[in-house]
Amino acid sequence: MFPEHFRRQESVEERYDPATIEPKWQQYWEERNLFRTDKDDSRKKFFCLEMFPYPSGKIHMGHVRNYAIGDVIARYKRMQGYNVLHPMGWDSFGMPAENAAIKHNVHPSQWTYENIAYMKGQLKKLGLSYDWSREVATCSPEYYKWNQWFFIKMLEKGLAYRKSSYVNWCHSCATVLANEQVIDTKCWRCDSVVVQKKLEQWFLRITNYAEELLSGCDTLSGWPEKVVLMQKNWIGKSHGAEVDFRVEGIDQNIRIFTTRPDTLFGATFLCLSPGHPLAERLAADKDELEKVRAHYGKVDEKVGLFTGAYCINPMNNEKIPVYIANFVLMEYGTGAIMSVPAHDQRDFEFAEKYGLPIRQVIVGAGLAPAHQPQGGQPQGLPLQEAFVDEGILVDSGQFSGLKSADAKQKIADHLEEKGLGKKVVNYKLRDWGISRQRYWGTPIPVIYCDNCGIVPVSEKDLPVILPEDVKFTGTGGSPLQESDAFLHTACPKCGGKARRETDTMDTFVDSSWYFIAYCLKDSSGLSVMRDQFKEDSSPITHHSLLKYWMPVDQYVGGVEHAVLHLLYSRFFTRVIRDLGIIKVSEPFVNLLTQGMVIKDGAKMSKSKGNVIDPDYLINRYGSDTSRLFSLFAAPPERDLDWSDKGVDGAYRFLNRVWSVVQKHRDALRKSAPLATGTDDLSYGARAVLRKTHQTIRKVTADIEKDYHFNTAIAAMMELVNEMIGFEPDNGKEMQVVTFAVDNLLLLLSPFTPHIAEELWAKLGHKEIASEMPWPVWDEEIAKDEEIELVIQINGKLRGKLMISAGLADDDVKERALQDSKVVEIIGGQGIKKVIVVKGRLVNIVVGA
RNA sequence: GCCGAAGUGGCGGAAUUGGCAGACGCGCCAGAUUCAGGUUCUGGUGGUGGAAACGCUGUAGGGGUUCGAGUCCCCUCUUCGGCACCA
1 MFPEHFRRQE
11 SVEERYDPAT
21 IEPKWQQYWE
31 ERNLFRTDKD
41 DSRKKFFCLE
51 MFPYPSGKIH
61 MGHVRNYAIG
71 DVIARYKRMQ
81 GYNVLHPMGW
91 DSFGMPAENA
101 AIKHNVHPSQ
111 WTYENIAYMK
121 GQLKKLGLSY
131 DWSREVATCS
141 PEYYKWNQWF
151 FIKMLEKGLA
161 YRKSSYVNWC
171 HSCATVLANE
181 QVIDTKCWRC
191 DSVVVQKKLE
201 QWFLRITNYA
211 EELLSGCDTL
221 SGWPEKVVLM
231 QKNWIGKSHG
241 AEVDFRVEGI
251 DQNIRIFTTR
261 PDTLFGATFL
271 CLSPGHPLAE
281 RLAADKDELE
291 KVRAHYGKVD
301 EKVGLFTGAY
311 CINPMNNEKI
321 PVYIANFVLM
331 EYGTGAIMSV
341 PAHDQRDFEF
351 AEKYGLPIRQ
361 VIVGAGLAPA
371 HQPQGGQPQG
381 LPLQEAFVDE
391 GILVDSGQFS
401 GLKSADAKQK
411 IADHLEEKGL
421 GKKVVNYKLR
431 DWGISRQRYW
441 GTPIPVIYCD
451 NCGIVPVSEK
461 DLPVILPEDV
471 KFTGTGGSPL
481 QESDAFLHTA
491 CPKCGGKARR
501 ETDTMDTFVD
511 SSWYFIAYCL
521 KDSSGLSVMR
531 DQFKEDSSPI
541 THHSLLKYWM
551 PVDQYVGGVE
561 HAVLHLLYSR
571 FFTRVIRDLG
581 IIKVSEPFVN
591 LLTQGMVIKD
601 GAKMSKSKGN
611 VIDPDYLINR
621 YGSDTSRLFS
631 LFAAPPERDL
641 DWSDKGVDGA
651 YRFLNRVWSV
661 VQKHRDALRK
671 SAPLATGTDD
681 LSYGARAVLR
691 KTHQTIRKVT
701 ADIEKDYHFN
711 TAIAAMMELV
721 NEMIGFEPDN
731 GKEMQVVTFA
741 VDNLLLLLSP
751 FTPHIAEELW
761 AKLGHKEIAS
771 EMPWPVWDEE
781 IAKDEEIELV
791 IQINGKLRGK
801 LMISAGLADD
811 DVKERALQDS
821 KVVEIIGGQG
831 IKKVIVVKGR
841 LVNIVVGA
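Using the numbering used here, the first residue of the first sequence is number 1, and each one after it goes up by one.
Be a bit skeptical, because a hint or two may be false.
[Said to hold, decoys possible] Once the Cα atoms are required to be at most 25 Å apart in a straight line, the calculated BS3-like pairs of lysine-lysine come out as:
(1) Lys198 - Lys291
(2) Lys422 - Lys237
(3) Lys237 - Lys403
(4) Lys319 - Lys410
(5) Lys153 - Lys422
(6) Lys813 - Lys800
(7) Lys237 - Lys410
(8) Lys645 - Lys599
(9) Lys583 - Lys44
(10) Lys428 - Lys186
(11) Lys153 - Lys583
(12) Lys157 - Lys800
(13) Lys460 - Lys157
(14) Lys298 - Lys226
(15) Lys24 - Lys833
(16) Lys603 - Lys58
(17) Lys608 - Lys186
(18) Lys226 - Lys186
(19) Lys783 - Lys732
(20) Lys125 - Lys599
(21) Lys232 - Lys186
(22) Lys663 - Lys766
(23) Lys186 - Lys298
(24) Lys125 - Lys58
(25) Lys796 - Lys766
(26) Lys198 - Lys428
(27) Lys705 - Lys226
(28) Lys198 - Lys186
(29) Lys493 - Lys232
(30) Lys291 - Lys186
(31) Lys153 - Lys547
(32) Lys298 - Lys197
(33) Lys800 - Lys833
Keep in mind the hints are simulated off the structure, nothing from the lab. Being a predicted model, the structure only gives us computed values, none of them experimental.
Go ahead and model the full structure; you've got the sequences and the hints to work with.
Written out as structure tokens, the structure reads:
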């Protein structure tokens, strides 16, 4: 029951005024805690999640679209009877807060929480059905404590480690970036060029899960294929062999990785990465080595240097030179390659530049053996480029004549037998570097002690809280280094003087498990976790909650996270599983990646000046219109072209809904429910009734099938058009209108909940539209009485005929052939064949 | 370069998956309401020929399969995404 004052003012001629009705219903839902959710084993759960925003200041249209999509799903599932978990929170650590601190001298915390307060207000104005009691902010100590806890657990399990290596450094952000955060040699955030810098850093061993993350891709049937493919490509599994080449003169092997052991006989030199441990030792000319290093990681010319050393090809005992080459990556494989210029384009270019021999050992499968090269020198014309395809081996000793695929196996077997190499699997995926030299992030909970080395902070001392006494100058170095109170501490082991780690964590750590935090969050915070992770905790706790809510049934967000966030979350979910906290391996069963919001052919951005401000839109049209247009203009996975006129159209539609209900309001309020039996209804009334059932069916199907809200809304528009054209003139026909209006409002309520709720209440319903069950249709009533039969002659449209829907095929054929126009066109031509497509068309094939 | 997706009216987009191409909306045109503009309402609206009935043509381009193709197959072109010296 809603209070009486909600349906006063009825006497005045009422216009659709979103500015009054929207806040009213938002307040009403909130007061009633309508969207609060608790675990309920008697009901089926549905976890509907949208990617949480970074609190940058205001929401943008991308958020409106993302959250409108998620809200329709959540409201629809709720009406279907699911126990829906629909939470929202804040990805609230990150650089913009720190930049604001430097620029405006406001503390990142203050800046962030002010933004959160404002943006939360904006989201509430959109009428999104969130359970705000589960809200989390990743910058709160209660949240980031668990980042630290997970880190310590990973440290214990050897999944977190520290190493010195070349890392991606962004000057502008003054911090390190993970490989996933370097887009086209530039910083994902600020677009400045990333350079390589040698630093000690913390890494998470995501590569331990490489195989599982890859094989898990095959279970992601609810994800867009392209996203799964991007994940697979990023993990980048390849099969090959590692082979040891003995270096002459020193007691040391060089181990190389190749996916083409079938080309081993064509190796004419060997290349080391400039970062290879032996590079320094073997390089005769150190200045030259530096020059090669300067070209490392750049996709420009091939630059190399002969070390003076030679090594032995284990297959044919040939002595080949050892080079150092800029294009050989230290991070992939072993940091050393055998170079087969005849069959690898990069090696080919390098060989041409430095005058190294090119020896063909694979020929196309079409070539006859007689034409195959003999005696180590290719016959015929020299290669213009590398022959990179597989083929038949030549000049390869006992392996000549084999196909590449067979030779790969046999040569690898041979190497294993002789102890010269082994088959291996390699991944492009590298460990996740999480150290950031910034303030506004989770402090990495370790302590450096001169006696004890690296010591993790004890669990009881968590969280390690960010100090307040920090100055934001923006002049390099981690700001945490400047806080004496933070930096200096006692070693947890020996109690001696020690200092804290001053780097903070990559903010992608925060978002890698926030969906789990939502499941556990309650009015006392993340206390379920706190209790559980204490020693001798009670057995209730997180297990039952996580078992109930996880995994996420529907995840909605931008495709820009196809690799970054989604891969990290899949990794974290597995780590958390292996800690015994959850059972599932995949966090997100279904993923919907919505397209961007485009205006004038470009993504909305301040620099392009094509931004639409959601505040303006809500003030002018209301949130129902804003939501409706976002959902109507394009299917969710596609880019949405913004159109001011299109918004007018959405607003107009809601006004038409409003006026058609107003027009019949008094009669509707008095009308009895629709009695069964429709035989005595007029043609027009039957049409409205049928259209209503068809619309319920269509809207339901479009939501179920890929969430195609645009066509669902189009169907509701059709229904409204039909209703506007119908004038009931007796009580029974009024019942039909009542039925149509009631169902229309229920169908609308996930999309435009405020107007649906308001009109629903105006019609005198005692319940809340948002809590009503989703409408059902009657397949019998939804059936067309008659259909327009299309008559084709030789596949061309030649006429149309209204026939009753149940007509048998033979009768349909008869009717078509009797049609006067058809008779005329056919004339004297013989009928070869007649095809009848049930309920659709007749195609008469004629001709000589 | 490699991998992937997509090309449909003036525009955003539909098309039960091989069966009327253009639903729905925007825009535009005409009419009604209005002092007028806006709003609202009614009708029309792919191109082309025709006064009209109606005809021809049309889903990036070319070929093919089929009674029938926007949809399936082959080739070409264009656009957009992802990866990019991954050995």
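Now the hints, each set against the structure:
Between the alpha carbons of Lys198 and Lys291 the distance comes to roughly 17 Å, so the proposed pair stays at or under 25 Å and holds. Restraint check for Lys422 and Lys237: satisfied, since their Cα atoms lie roughly 17 Å apart, inside the 25 Å limit. Between Lys237 and Lys403, the direct Cα distance comes to roughly 23 Å. Compliance with the 25 Å bound is thereby established for this hinted pair. Among the hinted pairs, Lys319 with Lys410 is consistent with the structure: their alpha-carbon atoms are about 23 Å apart, no more than 25 Å.
For the given pair, Lys153 sits about 34 Å from Lys422 by alpha-carbon distance, which is inconsistent with the 25 Å threshold. A distance of roughly 13 Å separates the Cα atoms of Lys813 and Lys800; the hinted pair therefore holds under the 25 Å criterion. Restraint check: the Cα-Cα separation between Lys237 and Lys410 comes to about 21 Å, which is no more than 25 Å; the hinted pair holds. About 12 Å separates the Cα atoms of Lys645 and Lys599, which keeps this hinted pair within 25 Å; it holds.
For the hint pairing Lys583 with Lys44, the CA-to-CA distance comes to about 18 Å; that is within 25 Å, so the pair holds. Proposed proximity of Lys428 and Lys186 is supported: the alpha carbons are some 19 Å apart, at most 25 Å. Of the supplied pair hints, the one linking Lys153 and Lys583 holds, its CA atoms being roughly 17 Å apart against a limit of 25 Å. Only pairs whose Cα atoms come within 25 Å are accepted, and Lys157 paired with Lys800 is rejected, the gap being roughly 74 Å.
Restraint check for Lys460 and Lys157: the C-alpha separation of about 19 Å stays at or below 25 Å, so the hint holds. Of the supplied pair hints, the one linking Lys298 and Lys226 is violated, its CA atoms being roughly 28 Å apart against a limit of 25 Å. Between Lys24 and Lys833, the direct Cα distance comes to roughly 65 Å. Violation of the 25 Å bound is thereby established for this hinted pair. Between Lys603 and Lys58 the CA atoms are separated by roughly 17 Å; this keeps the pair inside 25 Å, and the hint holds.
For the hint pairing Lys608 with Lys186, the CA-to-CA distance comes to about 21 Å; that is within 25 Å, so the pair holds. Of the pairs offered as hints, the one joining Lys226 and Lys186 holds, with about 23 Å between alpha carbons and a cut-off of 25 Å not exceeded. Note on Lys783 and Lys732: the hinted pairing holds, with a Cα-Cα distance of about 21 Å set against a maximum of 25 Å. At most 25 Å may separate the alpha-carbon atoms for a hinted pair to count; Lys125 and Lys599 meet this at roughly 23 Å.
Restraint check: the Cα-Cα separation between Lys232 and Lys186 comes to about 22 Å, which is no more than 25 Å; the hinted pair holds. Using a Cα cut-off of 25 Å, the hinted pair Lys663 and Lys766 holds, with the two alpha carbons roughly 21 Å apart. A threshold of 25 Å between alpha carbons decides the hint, and for Lys186 with Lys298 the separation of about 12 Å falls inside it, so the pair holds. For the proposed pair Lys125 and Lys58, the alpha carbon gap of about 13 Å is at most 25 Å, so the pair holds.
Restraint check: the Cα-Cα separation between Lys796 and Lys766 comes to about 56 Å, which exceeds 25 Å; the hinted pair is violated. With a CA separation close to 20 Å, the supplied pair Lys198 and Lys428 stays within the 25 Å bound. The suggested pairing of Lys705 with Lys226 holds, with an alpha-carbon distance near 18 Å, which does not exceed 25 Å. Restraint check: the Cα-Cα separation between Lys198 and Lys186 comes to about 18 Å, which is no more than 25 Å; the hinted pair holds.
Restraint check: the Cα-Cα separation between Lys493 and Lys232 comes to about 43 Å, which exceeds 25 Å; the hinted pair is violated. Of the supplied pair hints, the one linking Lys291 and Lys186 holds, its CA atoms being roughly 23 Å apart against a limit of 25 Å. Distance hint between Lys153 and Lys547 is fulfilled; the C-alpha atoms sit about 21 Å from each other, no more than 25 Å. Between the alpha carbons of Lys298 and Lys197 the distance comes to roughly 14 Å, so the proposed pair stays at or under 25 Å and holds.
Pair hint Lys800 plus Lys833 holds up; C-alpha atoms about 19 Å apart against a cutoff of 25 Å.
Checked against the numbered hints given earlier, this structure breaks hints 5, 12, 14, 15, 25, 29; the rest are met.
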